[in-house]
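J.: Sequence lines, in order, name chains L and H.
Just so we're aligned: the first sequence equals residues 1315 to 1570 in my numbering.
Just so we're aligned: the second sequence equals residues 2 to 226 in my numbering.
Everything labelled a hint here was simulated from the structure, so no lab data went into it.
All of these numbers come straight from a predicted model, not from anything done at the bench.
No residue lacks a Cβ here, since even glycine has one placed at the ideal position from N, Cα and C.
Be aware that a few hints might be false.
[Unchecked claim] Derived Cβ-Cβ restraints for the label pairs, each shown as a range:
no.	chain 1	residue 1	chain 2	residue 2	range
1	H	C210	L	V1329	57 to 65 Å
2	L	S1487	H	L119	16 to 24 Å
3	H	L27	L	S1487	44 to 52 Å
[Claimed, not checked] According to the in silico footprint, chain L covers these stretches of chain H (three or more CB under 8 Å from chain L):
no.	region
4	116-130
5	138-144
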Amino acid sequence: MPDNPQVVLKITDLVKSFDSTKVLKGINLTVGHREVTVIIGPSGCGKSTLLRCLNGLEPIDSGQIELNGQLITAPGTNWSAIRQKIGMVFQNYELFPHLNVIDNILLGPVKVQGRPRQEAIIDAQSWLDRVGLKDRALSFPRQLSGGQKQRVAIVRALCMSPQIMLFDEVTASLDPEMVREVLDVMLNLAKGGLTMLIVTHEMAFARAVADRIIFMDDGHIVETAQPEAFFNNPETERARRFLNIFQFQELERRRA
Amino acid sequence: MLDSAIEIFTAGRNTARLFEGLAITLKISAAAVGLSILLGIPAGLLMSSKKRFWRVSLKLYLEFIRIMPILVLLFLFYYSLSSVFNINLPAVTVSILVFTLWGTAEMADLVRGAVTSLPRHQWESGRALGLSELQLNLFVIVPQAVRRLLPGVINLTTRMIKTTPFVFFINIPDLVKVAQQIVEVTGIRNPLASVWVYGVIFFIYFAICYPISLFSRFLEKAWQN
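So here's chain L without its partners, still in its complex pose (with noise of 0.2 Å):
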């Protein structure tokens, strides 16, 4: 058992370089259970590196990462085992398009956690029901709208069970009318005590979601705050100067 069974994610002095250019400079981070940690930053901070360091997607240079306890860093870390209790939606919707959105949702739990098939289908058909896809099981992902497709990757990533959901900028991608879409089922999710870690750009959600707002730039988290005193009155110069530009946004959004 860790020495602090609240602790889900810890991550230590995490550096991260891509041939000569560093992009994570030493992040420090703790991620409590039930807990939903929001990340924003300008383009090119690192947010995103981050994420995919968490789960193996990019090996790291430097530092530890911990999940409940197990140090998942050591070399020779078995990282199919790790990612089952990782859960990942990229910004991309990642569908298999050969696969309908059942053999979708169902490829992770049957083959790599061998549950039995009818089983995983009661799961997946509860959280299809959630998210508002009950009937969409038997589409194909081209039958599907970007915001319909990222649902389903959601889900599909929640009937692993996972212990901690990353979210690397589900809605980036997607058209406006359907960013809400999506973003609601994330809300769902976190009252629903779901421990998450989210990056996004969408500051209206981070501050309605989060229960802590982690501010990066330049591969650094620079600062950390409850969301209403981040976005009230930022403690740094720099995350000053990141939410004034989403302010002129608005005021552009107003004028026109």
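Please build the complex by placing chain H on the supplied structure of chain L, with the hints as guidance.
T.: Chain H only, in chain L's frame:
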């Protein structure tokens, strides 16, 4: 005029021999195509993997096979193996071997092309679900690659069928060889022999290859999701 045709195809065992020749053609093609697909898929996956050793050695193999005329390969394996290593393989085995060497190289390149054309995030989302590399290939990559492969594989199959007459040169009585023998024997008395016999051969090749392309069109429609 029709009499001359009837004469040719009823004389002796001519028609039976044509069918025997056809059987040999089909046997060599089917065995070589089947083996090429079986061996070409893992070879193609290795060619598109990050393993440098496999990428380089398979690329060399592919280039070597492409440069060599099939006929040279047939001679090399049929005559040189026996004289240098004292290995005497039956001619049909040699031809299946050579056509498989060629087909595997072409198939591997087709697989590599199909796999590398898949978007990178297909691998990532598969890995993120905890799929092992084998499962990832089995359930995600290969099924999608196969759909993209289909036109190329059909093309390769018909090309291989149409290239089998080369076995003629290592004395295998395939369809074309038998036809030539029949024309040689009957042509003296029957000046239309070559027209009839090769005409029939023409339609036999068409009758084999056309259903294959129909089948591929059927599969393409069935997989259109």
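J.: State for each hint whether it applies.
T.: Tested hints:
no. : hint                           : result
1   : C210/H <-> V1329/L: 57 to 65 Å : holds (60 Å)
2   : S1487/L <-> L119/H: 16 to 24 Å : holds (18 Å)
3   : L27/H <-> S1487/L: 44 to 52 Å  : holds (51 Å)
4   : 116-130                        : holds (count 9)
5   : 138-144                        : holds (count 3)
When held up to the earlier numbered hints, the structure conflicts with none and fits them all.
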